[in-house]
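Visitor: Sequence:
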Amino acid sequence: MRWPIVFVVAAVLGAAGCAKAPDPRAYAGSESGVSWEEATARYRISPPACPVDGLRFDVQPPLTDRLAFTFTAEKSCVDGYLRQYGVDPAAPPLSWPKDADTVREPFDPQTMQELGWTFDPHVEQVYYAGFRTPDRWSSFEVLVRPGPGRETAYFLSKTLGGEG
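Residue numbers for the sequence shown follow our numbering, so the first one is -7 and each next one is one higher.
Just so you know, these hints were derived from the structure itself, not from any lab.
Note that the coordinates shown come from a computational prediction; the quantities given were computed from them, not determined experimentally.
Please note that the accuracy of each hint is not assured.
If you anchor each label on the Cβ, the simulated ranges turn out as follows [stated by the list, open to error]:
1) Leu86 / Pro54: 17 to 23 angstroms
2) Thr110 / Pro85: 21 to 27 angstroms
3) Pro39 / Gly108: 29 to 35 angstroms
4) Gly72 / Arg36: 27 to 33 angstroms
5) Thr151 / Leu86: 17 to 23 angstroms
6) Ala13 / Gly122: 32 to 38 angstroms
7) Arg17 / Phe111: 28 to 34 angstroms
8) Pro53 / Arg142: 18 to 24 angstroms
9) Pro54 / Gly139: 20 to 26 angstroms
Even glycine gets a Cβ: it sits at the ideal position worked out from N, Cα and C.
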């Protein structure tokens, strides 16, 4: 009678040992066991090729798909990453906040609350909507907060798997 108990305990411990540890860069509530590298592969983007600080990400499972991420890097790094996905940082389409729109958040308020993203409406930031993978698999809204030499960029997916 002890063998079935030993077998069950061993199976449970073995299964627990196979579970992936959460990626420490993931926000709480991100899809369990999905690393930053796996999340970017799902959305057909690559991680920035230059050194970044403060990388955080949130990926949600299929059907509720979302990839949100942020990082801080040298301006040249952020600009290069934007260019890689079809955005011309020298010609930003919009700034946030707009003169008449200082109360509207740049992203969905619920998403911002979930991620803890806050933005100062008294500091002008740059908003881009054209960040797309070359095959147009996914697209993102991007907000860039300028800083002295370094910028913080926020990315929120709009589409996955087709035209956006």
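Visitor: Checking against the hints above, which ones are violated?
Guide: Hints 1, 3, 4, 7, 8 and 9 contradicted; others consistent.
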